[in-house]
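Please model the complete structure; the sequences and the hints are all you need to start from.
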Amino acid sequence: QVQLVESGGGVVQRGESLRLSCLASGFIFSKFGMHWVRQAPGKGLQWVAIIRNDGSTKYYTESVRGRFTISRDNSNNTVHLQMNSLTAEDTAVYYCAKDMAVTTSRLEYWGQGTLVTVSS
Amino acid sequence: QSVLTQPPSASGTPGQRVTLSCSGSSSNIGTNTVNWYQHLPGSAPQLLIYNNNQRPSGVPDRFSGSKSGTSASLAISGLQSEDEADYYCAAWDDSLSGVLFGGGTKLTVL
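If you read the sequences in order, they're chains S and H. For the first sequence, our numbering assigns the number 1 to the initial residue and increments by one for each residue that follows. For the second sequence, our numbering assigns the number 1001 to the initial residue and increments by one for each residue that follows.
A few of these clues could be false.
The list that follows gives simulated cross-link-like pairs (lysine to any residue, SDA-like), each with its CA atoms no further than 20 Å apart [claimed, not checked]: (1) S:Lys43 / H:Gly1103; (2) H:Lys1106 / H:Arg1062; (3) S:Lys43 / H:Gln1038; (4) S:Lys43 / H:Leu1040; (5) H:Lys1106 / S:Pro41; (6) S:Lys43 / H:Val1003; (7) H:Lys1106 / S:Gly44.
It is worth saying that the hints were derived from the structure and are not from the lab.
Written as structure tokens, this is what we have:
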């Protein structure tokens, strides 16, 4: 069965960096796009980034472009989210999700999430 | 500005049919397919409907989706207490080159 396990969340100060990881299992990782989605306290879901199955294409939501970098390691079934220059507005539960194909909006499976708290 | 608009709340009684709406524009729903997600507090979101009206395996046929022009709907028939959750529509947006989520509708089963 498909499993996505996020790690790397924690409490950081404003302006600091954090790297999230998501270990995938139960499917052929290199065939599918992967997403990061976040939910701030009391808010709705916000899509953050997507990386194509082969890592050749990446897209970001406007508010994180230039600060966050999504990457993947197909040999270790892992997707990462490097987050720099963090602000209080980045405080959220971060979910990784498997795309149903290469690059779509069909997020078929989700992890349980990892909490990132940015304190000022 | 690209945005998917959902009513913030909806309610129904057990057994009732409820319909949740999602309004977009030509750069998202008008051009691309719509997907719906169910999110129970403390749990991972779940894909409920994809490609406007397709159900992943395991999703009860009480859930159905439709799309017309730049709007989409999620219908839940035979409402059950366990359907109480937040529901989000989502679509790829060509202007943003990314996935756009609606603000979510909190469904309460009275």
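How the hints compare with the structure:
At roughly 8 Å between alpha-carbon atoms, Lys43 of chain S and Gly1103 of chain H fall within 20 Å of each other, so this suggested pair holds. Among the hinted pairs, Lys1106 of chain H with Arg1062 of chain H is consistent with the structure: their alpha-carbon atoms are about 18 Å apart, no more than 20 Å. Only pairs whose Cα atoms come within 20 Å are accepted, and Lys43 of chain S paired with Gln1038 of chain H is accepted, the gap being roughly 15 Å. Among the hinted pairs, Lys43 of chain S with Leu1040 of chain H is consistent with the structure: their alpha-carbon atoms are about 13 Å apart, no more than 20 Å.
Distance restraint check for Lys1106 of chain H and Pro41 of chain S: the Cα-Cα separation of roughly 15 Å lies within the 20 Å cut-off, and the hinted pair is therefore satisfied. Distance restraint check for Lys43 of chain S and Val1003 of chain H: the Cα-Cα separation of roughly 15 Å lies within the 20 Å cut-off, and the hinted pair is therefore satisfied. Using a Cα cut-off of 20 Å, the hinted pair Lys1106 of chain H and Gly44 of chain S holds, with the two alpha carbons roughly 10 Å apart.
Checked against the numbered hints above, the structure violates none of them.
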